[in-house]
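Chains as they are written, first to last, in numbering that gives the first Met the number 0: chain A, 0 to 449; chain B, 0 to 449.
In case anyone wonders, no lab produced these hints; they're calculated from the structure.
It is possible that some hints are incorrect.
You can't tell identical chains apart in this list, so a pair holds if it fits in one copy or across any two.
Dumping the calculated DSS-like pairs for lysine-lysine here, alpha-carbon to alpha-carbon at most 30 angstroms [what the hints assert, rightly or not]: (1) 446 - 245; (2) 109 - 21; (3) 215 - 133; (4) 197 - 371; (5) 133 - 381; (6) 381 - 215; (7) 215 - 245; (8) 88 - 334.
Number of protein chains: 2
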Amino acid sequence: MSKRIIVIGSGAAGMTAASTAKARNPAAEVTVFTEDEDIAYSPCAIPWGIEGRTGWDDIVMHTPGFYEKERGIKVFTRTKVESVDDAAKTVAAGGKTYPYDSLVIATGGKVFVPPVPGADLENVFIVRTVSDGKRIQKALEGVSEVVVGGAGVIGLELAVSLKAMGKDVTVIEMMDQVIPRIADKDMADVIQRHLEEKGIKFVMKAPVQSVNGDVKVSSVTAAGKEYPCGVMIFATGIRANLEIPKALGLDVGQLGGLVVSPTLQPYRRGRLVPDVYVAGDLVQCESAVMPGATMSQLGSTAVKQGRVAGQNAAGCPKALFGPVASPWVSVIGDKQIAGTGLSTGLAVWYGVNVAEGKAEGLTRARYYPGGKELIVKVLADKATHRIIGAQIIAGEEATGRIDWMTSAIVSGMTAEEFLVRAENAYCPPTSMVRDPVFEAVEEACKKLGQ
Amino acid sequence: MSKRIIVIGSGAAGMTAASTAKARNPAAEVTVFTEDEDIAYSPCAIPWGIEGRTGWDDIVMHTPGFYEKERGIKVFTRTKVESVDDAAKTVAAGGKTYPYDSLVIATGGKVFVPPVPGADLENVFIVRTVSDGKRIQKALEGVSEVVVGGAGVIGLELAVSLKAMGKDVTVIEMMDQVIPRIADKDMADVIQRHLEEKGIKFVMKAPVQSVNGDVKVSSVTAAGKEYPCGVMIFATGIRANLEIPKALGLDVGQLGGLVVSPTLQPYRRGRLVPDVYVAGDLVQCESAVMPGATMSQLGSTAVKQGRVAGQNAAGCPKALFGPVASPWVSVIGDKQIAGTGLSTGLAVWYGVNVAEGKAEGLTRARYYPGGKELIVKVLADKATHRIIGAQIIAGEEATGRIDWMTSAIVSGMTAEEFLVRAENAYCPPTSMVRDPVFEAVEEACKKLGQ
């Protein structure tokens, strides 16, 4: 009998797991259940969808019909999985019971909304699904003032899109910097200033206290002051969606994600759960930088995990998911900001003493037209001299540089080794002859020598 | 007494060595001798200088006056070093004798011009110095047909610039592909087709037999056919400029470059020559990919070597120059092509059995506007499974990706390890959620498994 594989969740992790399982085991019966209306899209694209820079139909790469016809995968949308019985190996959904041989749980994350009064008013939104995006787009019609709660990358991308739509935008952030946790304050401040120059307002160190209004939101109160708005959007970060895992009694780690084996199987009271795999925002990962756990709630990580979970669910030779450095990049206005490994804040959390190196330069040879600003920051561990993190702000080409630094980090290169062993390709229209990355590492080396 | 440091050569290696030596040892007397009129410029920029996209004064980053005033370095331009006496530790130049404590030889490379009749006619040029560029620019006035000899990256960049100036351009190449040696034919053919679409003509597998004309060139004969032209430019590759090293009896390696220690000191009959350092296009390097020698005649390598030679010449704690993978990138028309490590041709030369993986994708998420073509080719060693080379063609962002692959190569990652350990940053406007690099590596893995 052909293998029956059920996937719960239709995001990057779930759809990748489903497609991988079917590709590796074409005889398998692969079924996906999702509460969402749309599948196989990137939540990262929603700010641009709201702005209209990309069409909603473009963001959604494939329809359920496509999966059924082209890939032989059955997708049930708007279908909540009511329960999973991993002893009987069945899933209950839409009033029916479906048996499985392998199960992939890829239910992703939920936007964390702070428990403040008024968060349930009309025109108060989170931004996670295409449906959220469409609702926000509609609500914005005729509205001039918008408050964004949270200055993480999605919040900032959203603020830029809203500003481009002609709105008066105020971003309210609890911490003293934008992109908290993953970016250092000095780098984050460059982005904040850039957005302030575009007319976006920031209220920092100000947790949202209440959302005010009768039926619809009319203002938001933060740090004792009131900010009028016709729409309020929470972009306050993602928490693992653990409804099904908790019902199954799966082990949750110290960072609030599921503890998994390198094969992406979950544990229950310390024992691997057979024939169950997990992938995506609900997984707690191993850090490639420090011994210990980390959360890596990124689309790129979800796809990587989806491939491993899908291959293992298909009964192929075991695939392994490795530790992560979690490189990320965001385009915010005219600047790209990217990071990898630990920020200074995270390093302190891990108990690491950090040597910082920072350098500025251009993305092209100084004389070549069109070169853009490039700021590189590199962090090294004072004890081991290993490079443990990097952040880049650039007008272009930040992504490749951060992937380059990621490769150096996961290879365990020290700052000194990097100077000897790393090389950069050079051509006047695409780079400086010595990339500023080297200057930042050299700066860090000097501080390591002190 | 302060240390006297003499540098011969004013290219990327020489000027970097001089600046590094002075920065590390501010009391040192640093003197540079060069035959060139201009110093501290990138020969890679000359095609764009000829086209007028960048001004000649922009390309030349600093004048001798700048070095003297701002950095305290004395530069003698248009000054040939007649001889070096490394026993007496003196350099003879311009009729005078200069004593040194440390000497850096950075005399670079010479354009190899094939020994064909007529190569000395008027309006026949090489392209190496700013003076060459200015002469070519002047000679091109009123000329409609130009022949470029050699389809390496400089030849192709030149062809694009000449075409943009409205010239009728024919490129004559001895081999059966453009960018021979460092690019694979399938990748090179994409670039050739792109240039053919722009109207540039190619004559392949055709060594130049003669340059014809009375006083000025009027045509070039290759593979028995005659190609009329008013200007002919040789871009036929670089050979180490060994005039001074040969006079000193320094050891030359099997690839025609100087054999050096990791401190960049040359050898004479197997013994290190004290207080002499070399840097730039005349150095034979160690390969970071295979055990053995390699030539790395790149501006980025020259700068890296210049820093090591300069620091060591200054008498600082020894700096080391490591093995190289030699990443390179070139912007040719609307495409960027980049490579690192071995090409298939070079791998065969090293006796390696290659597994190839190739993938196509885009530089941005499929739905995000402005995404450009991305072709990735990865080579792995069938015996060790190590990644030994990569080539990328992309409309944008090739450089960072090739630096990323370089880092993986010099870390000794196998193709299988890369799939587990490498990660890519993702954001719809800058990348696909799973970079095509991974697909190419996965393709290679499949072939390694066969």
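Verification of the supplied hints:
no., hint, verdict
1, 446 - 245, "neither (47 angstroms within a copy, 42 angstroms between copies)"
2, 109 - 21, "within (27 angstroms within a copy, 57 angstroms between copies)"
3, 215 - 133, "within (18 angstroms within a copy, 70 angstroms between copies)"
4, 197 - 371, "both (18 angstroms within a copy, 28 angstroms between copies)"
5, 133 - 381, "neither (48 angstroms within a copy, 51 angstroms between copies)"
6, 381 - 215, "neither (53 angstroms within a copy, 65 angstroms between copies)"
7, 215 - 245, "neither (34 angstroms within a copy, 85 angstroms between copies)"
8, 88 - 334, "neither (49 angstroms within a copy, 53 angstroms between copies)"
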